[in-house]
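Using this note's numbering, read the sequence shown as starting at 1 and increasing by one per residue.
It is worth saying that the hints were derived from the structure and are not from the lab. The reader is advised that the hints may include incorrect statements.
Once the Cα atoms are required to be at most 16 Å apart in a straight line, the calculated EDC-like pairs of lysine to aspartate or glutamate come out as [unchecked claim]: (1) 15 <-> 26; (2) 63 <-> 44; (3) 8 <-> 27; (4) 39 <-> 59; (5) 62 <-> 44.
If you're wondering where the values come from, they're calculated on a predicted model, not measured in any experiment.
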Amino acid sequence: EHGDRLGKYAVKLMKALGYNRNSDLDDMKLLCQVHDIGKITISEDILSKDGPLTEIEYDKIKKHSEAGYKIVRNIVESDRIAYGVLYHHERVDGTGYPFGLLGEEITLFAKILSICDSYDVMISGRKYSSARSQKEVIEEIKKYSGTQFDTDIANVFIKMLTKKE
């Protein structure tokens, strides 16, 4: 369900950014489905832990992007999908993982996935965090625009969320 929701948000955001080619949209949908495939390499005890993770556990979680990249690289020929998996936890200010990439070093697909993934986690909630209101989530995206999220993409995403249909 998470991947399906991400696909809907991401495709809508891509269209709002001017990307309408079916191959782009299909690649994005597939990326949304496989972005966390690397988590199959992490112990269920860590993935389903109720309390806060230890530093060692968090370090193991952070390796899922690279593990996912290696898996996806052997399945699909699309660099957009493979690098989207690898870079989806990078932050435009360079404080993300696994490489600490800055701004334009992060692929567009990864930037789109990052904001959509964060939105879905905040709006839906998780074991470790309760769901937030749309207004709270938008404020959070604004707050982290330019640090966690690409500013231009964040602005279009917020506009997309607040647009009356």
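- Message: Of all the hints numbered above, which does this structure not satisfy? Sort the numbers upward.
- Response: No numbers; nothing is violated.
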